[in-house]
Amino acid sequence: MKTYFILLLLMTLFALWSVIRGSLIRAAIALALTSAVLALIMFRLFSPLAAVFELSVCAGLITVIFMSTISLSEPLTYSELMIKAKPRIKRFWFLPVILVLLLLILVPLASNVSAPMIASETEKSVYRVLWQIRQLDVFGQILILFTGIFGVVVFFKNTKKQDEEK
Amino acid sequence: MSTFFKLSFVFIPLLFVVGFYCIIITHNLIRTLIGLELITKAVTLLLVVVGFATDHIALMQSYIITLIIIEVVVISVAAGIVINVAKKTGSLDARNLRTMKG
Numbered sequence: 005m006k007t008y009f010i011l012l013l014l015m016t017l018f019a020l021w022s023v024i025r026g027s028l029i030r031a032a033i034a035l036a037l038t039s040a041v042l043a044l045i046m047f048r049l050f051s052p053l054a055a056v057f058e059l060s061v062c063a064g065l066i067t068v069i070f071m072s073t074i075s076l077s078e079p080l081t082y083s084e085l086m087i088k089a090k091p092r093i094k095r096f097w098f099l100p101v102i103l104v105l106l107l108l109i110l111v112p113l114a115s116n117v118s119a120p121m122i123a124s125e126t127e128k129s130v131y132r133v134l135w136q137i138r139q140l141d142v143f144g145q146i147l148i149l150f151t152g153i154f155g156v157v158v159f160f161k162n163t164k165k166q167d168e169e170k
Numbered sequence: 020m021s022t023f024f025k026l027s028f029v030f031i032p033l034l035f036v037v038g039f040y041c042i043i044i045t046h047n048l049i050r051t052l053i054g055l056e057l058i059t060k061a062v063t064l065l066l067v068v069v070g071f072a073t074d075h076i077a078l079m080q081s082y083i084i085t086l087i088i089i090e091v092v093v094i095s096v097a098a099g100i101v102i103n104v105a106k107k108t109g110s111l112d113a114r115n116l117r118t119m120k121g
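Heads up: the sequence lines are chains A and B, in that order.
Read left to right, the first sequence gives residues 5 to 170 (our numbering).
Read left to right, the second sequence gives residues 20 to 121 (our numbering).
Watch out, some of these pointers could steer you wrong.
In silico lysine to any residue, SDA-like type, Cα no more than 20 Å apart, as pairs [to be verified]:
id: 1; chain 1: B; residue 1: Lys25; chain 2: A; residue 2: Leu106
id: 2; chain 1: B; residue 1: Lys107; chain 2: A; residue 2: Val156
id: 3; chain 1: A; residue 1: Lys6; chain 2: B; residue 2: Phe28
id: 4; chain 1: B; residue 1: Lys25; chain 2: A; residue 2: Leu113
id: 5; chain 1: B; residue 1: Lys25; chain 2: A; residue 2: Met121
id: 6; chain 1: A; residue 1: Lys161; chain 2: A; residue 2: Ile69
id: 7; chain 1: B; residue 1: Lys25; chain 2: A; residue 2: Met5
id: 8; chain 1: B; residue 1: Lys25; chain 2: A; residue 2: Val157
id: 9; chain 1: A; residue 1: Lys161; chain 2: B; residue 2: Val92
id: 10; chain 1: A; residue 1: Lys94; chain 2: B; residue 2: Ser95
id: 11; chain 1: B; residue 1: Lys106; chain 2: A; residue 2: Phe159
id: 12; chain 1: A; residue 1: Lys161; chain 2: B; residue 2: Ile100
id: 13; chain 1: B; residue 1: Lys25; chain 2: A; residue 2: Leu13
id: 14; chain 1: B; residue 1: Lys106; chain 2: A; residue 2: Ser75
id: 15; chain 1: A; residue 1: Lys6; chain 2: B; residue 2: Ser21
id: 16; chain 1: B; residue 1: Lys106; chain 2: A; residue 2: Val157
id: 17; chain 1: B; residue 1: Lys107; chain 2: A; residue 2: Phe159
id: 18; chain 1: B; residue 1: Lys25; chain 2: A; residue 2: Pro112
id: 19; chain 1: A; residue 1: Lys6; chain 2: B; residue 2: Leu33
id: 20; chain 1: A; residue 1: Lys94; chain 2: B; residue 2: Phe39
id: 21; chain 1: B; residue 1: Lys107; chain 2: A; residue 2: Glu168
id: 22; chain 1: B; residue 1: Lys25; chain 2: A; residue 2: Leu103
id: 23; chain 1: B; residue 1: Lys120; chain 2: B; residue 2: Val104
id: 24; chain 1: A; residue 1: Lys161; chain 2: A; residue 2: Ser77
id: 25; chain 1: B; residue 1: Lys106; chain 2: A; residue 2: Gly155
id: 26; chain 1: A; residue 1: Lys128; chain 2: B; residue 2: Val104
id: 27; chain 1: B; residue 1: Lys25; chain 2: A; residue 2: Val117
id: 28; chain 1: B; residue 1: Lys106; chain 2: A; residue 2: Val117
id: 29; chain 1: B; residue 1: Lys25; chain 2: A; residue 2: Leu17
id: 30; chain 1: B; residue 1: Lys107; chain 2: A; residue 2: Val157
id: 31; chain 1: B; residue 1: Lys25; chain 2: A; residue 2: Leu110
id: 32; chain 1: B; residue 1: Lys106; chain 2: A; residue 2: Val156
id: 33; chain 1: A; residue 1: Lys161; chain 2: B; residue 2: Ser95
id: 34; chain 1: B; residue 1: Lys25; chain 2: A; residue 2: Ser115
id: 35; chain 1: B; residue 1: Lys107; chain 2: B; residue 2: Thr118
id: 36; chain 1: A; residue 1: Lys94; chain 2: B; residue 2: Lys25
Bear in mind the hints are in silico, worked out from the structure with no lab data behind them.
Note that this is a predicted model, so its numbers are computed, not measured.
Start from the sequences and build out the full structure, keeping to the hints where you can.
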């Protein structure tokens with residue numbers, strides 16, 4: 005239980021770091037660390053397949069997407085960042101206060117929470133659930149993936165006019 | 020099981036609030052996406068915890084995989100929009116979008 009508490013605390017701290025941090029690249033790295041800790045929690049809660057997906061896709065691929073976006077969108081230089089840092093930090097002052105207030109509300113409430121009932125009969129094989137019971141989900145995922153690919157292709161497609169201008 | 024569930028009951032809303040606050044307060048488009056990611060992380064954690072507590076681990080894993088795929092597609096398309104906005108307006112400030120036509 006102690007390990008679980010430490011992992012949850014680490015995850016929240018990394019999340020806070022990714023929000024408060026001035027540099028976008030460091031924020032993206034903190035987000036990847038949040039994903040990595042979440043993957044560890046998943047491993048501990050007997051969800052290895054989901055953990056592998058979380059680690060490779062969320063901590064890996066999404067971080068790469070963020071890094072590419074940051075480098076392609078010409079981010080601020082260090083001196084510009086320093087000028088903007090002070091007013092930015094001011095806006096995030098309230099976040100720790102809100103979190104402490106929320107903790108004060110949630111901790112007494114948590115003492116009344118009880119664990120949900122365990123289901124009498126459940127499917128143990130994730131492969132059977134994914135490929136047989138929830139087969140439609142897989143088709144949905146394929147459709148969503150193709151929609152995403154199509155969307156990205158449309159965004160980066162040059163029109164005839166743009167080609168002529170070049 | 021009870022202490023485990025109580026801990027999750029406290030930390031999941033905290034994570035959600037961090038992401039939500041980030042989306043509300045920031046003007047930077049990439050940081051908005053980071054906030055969105057954090058909210059998704061809170062939802063993923065909730066699914067894992069509920070799956071473990073109710074012994075529906077296999078079902079919840081399939082839900083989480085679906086959620087991760089949707090998350091990647093949303094982030095990729097949003098990143099495409101952000102890059103195009105940055106090219107058009109020269110900055111990542113969301114307030115610049117107000118001046119756009121259409």
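These are the hints, each one checked on the structure:
no.	hint	verdict
1	B:Lys25 to A:Leu106	14 Å, holds
2	B:Lys107 to A:Val156	17 Å, holds
3	A:Lys6 to B:Phe28	16 Å, holds
4	B:Lys25 to A:Leu113	9 Å, holds
5	B:Lys25 to A:Met121	15 Å, holds
6	A:Lys161 to A:Ile69	18 Å, holds
7	B:Lys25 to A:Met5	11 Å, holds
8	B:Lys25 to A:Val157	45 Å, violated
9	A:Lys161 to B:Val92	18 Å, holds
10	A:Lys94 to B:Ser95	30 Å, violated
11	B:Lys106 to A:Phe159	12 Å, holds
12	A:Lys161 to B:Ile100	13 Å, holds
13	B:Lys25 to A:Leu13	14 Å, holds
14	B:Lys106 to A:Ser75	12 Å, holds
15	A:Lys6 to B:Ser21	14 Å, holds
16	B:Lys106 to A:Val157	16 Å, holds
17	B:Lys107 to A:Phe159	13 Å, holds
18	B:Lys25 to A:Pro112	10 Å, holds
19	A:Lys6 to B:Leu33	19 Å, holds
20	A:Lys94 to B:Phe39	17 Å, holds
21	B:Lys107 to A:Glu168	18 Å, holds
22	B:Lys25 to A:Leu103	17 Å, holds
23	B:Lys120 to B:Val104	13 Å, holds
24	A:Lys161 to A:Ser77	17 Å, holds
25	B:Lys106 to A:Gly155	17 Å, holds
26	A:Lys128 to B:Val104	46 Å, violated
27	B:Lys25 to A:Val117	6 Å, holds
28	B:Lys106 to A:Val117	50 Å, violated
29	B:Lys25 to A:Leu17	19 Å, holds
30	B:Lys107 to A:Val157	18 Å, holds
31	B:Lys25 to A:Leu110	9 Å, holds
32	B:Lys106 to A:Val156	15 Å, holds
33	A:Lys161 to B:Ser95	15 Å, holds
34	B:Lys25 to A:Ser115	7 Å, holds
35	B:Lys107 to B:Thr118	12 Å, holds
36	A:Lys94 to B:Lys25	33 Å, violated
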